[in-house]
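Peer 1: All chains should be modelled from the sequences, with the hints used to inform the complete structure.
Chains as they are written, first to last, in the working numbering: chain A, 333 to 524; chain B, 14 to 235.
Just so you know, these hints were derived from the structure itself, not from any lab.
If we take Cβ atoms under 10 Å as the criterion, some of the chain A residues that face chain B in the derived model are:
| hint | residue |
| --- | --- |
| 1 | Asn377 |
| 2 | Leu382 |
| 3 | Gly507 |
Per the computed footprint, the stretches of chain A lying under chain B, defined by three or more beta-carbons under 8 Å from a beta-carbon of chain B, are:
| hint | stretch |
| --- | --- |
| 4 | 428 to 434 |
| 5 | 441 to 450 |
| 6 | 463 to 477 |
| 7 | 492 to 502 |
Note that beta-carbon positions come from the ideal geometry of N, C-alpha and C, so glycine has one too.
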Amino acid sequence: MKKATVASIIGFLIAATGIGAYYVFAGGASPASSRLAEPNVDANNPAAELEGQNFCNGQAWTLDRARANVPYRVLEAHTDLANPSNMTHVWRCPDSQLAIALEYAPGVKVSLAPTTLDDPAAAWVALAAQDPGVVTVGTIRGVPGVFTDPAKDATGTAPGGVEFVEDGIQVAVIGNGRIPLDQLREVAESLR
Amino acid sequence: MIALFLLMFVLLPRPARGNPGSGCVGSNRYNVLATQGTQGGNHQGVRGDVWFGTNSSYCYKVVSVGVRTSTSSVEYGWVIGWLAGTNCDQQYHDSPTTFMFGYSATGPYDCKTFSPHSSGTFWNLELKDQNQNTVWNGAFNSVTEGQLNEDFQRGTLRTNGERHNLTYDGGFAHFKNLAFQVSGQPTWYGFSALQADGDSDPNFNFYKCGAGAEKVDTTNSC
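Peer 2: In structure tokens:
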């Protein structure tokens, strides 16, 4: 082997070693796996949950199935915004006992579940105290309720809506961050 | 050759060391979750000894315990790197720093940052609403760090190994002595049915290391 060739090989090895040493010295990380993951909604938040394909990561049910399988009256919305003609999904929701949710095309969800709250009124006061100006307490359908106005949430993370407990069932009428609170309140008043 | 080596230092972009900059926080989140397979929906507390990660180059890594319902959630854990969630502090944390995050059915996200803690060891994290008043209490080694008010008193618990950047963040997590409370009882019950509950991480998986112990790792290292 000619001296020039040997020198070239040695030079190449030194350069390659230098690049590797440089990378390690500078704290480089290993390349990531090439397997792709689906982008997550709200992925910037720390959350001990997988982002689901649907509201509440639920199992698709029919309204009849819901009526037959939950031990409470399934309350449906009856306003121009949300009504039986634009109901798109009925979900059986995990993580709560006997929870279901009705989803309407404009972005309204009605969540129903046996309540875990011993004192709903106190819970609403505590929630309002935590997010003053955005969350307030009041009365809905003759019982204490909590109201979240998405228009007043500067962070844009509140879907907005109304929550209350009626006959032992915790009811949440949930918006999409754009539907005005007044309209969500009308939906809550219309439930039957 | 020396000149070439020096030129590389000048011209080549340097890989990040330590804080890689907030631009590393992308639009993905990768979780490896587990739960206690009994009493789902009826958990009012969860606790365990949790490994706090070593200081290194991280973008946004979280290890936590949580309780959630179908519409609401509360979580207590540690973060290293950027705590970039909406309504969180948006700060870079060089060492594992405890935090709480939660939301109710209709309300905004609430996020609180607590204290940095030494890494390379286990610390006990406890999240509970033992008073059944919707005030969820986060305690580090039995000392309360903070609280969040939610719209539920019990739900289904989770352990969570989470990362946001596959290049910078390792996905490792380790939980031991996991226990839970159920509605209306102050008793802590050791996990009897620890089980995986979802995995969106392309590389890290749940491994059960005993009744109340688990690792999130690339291989079974129990």
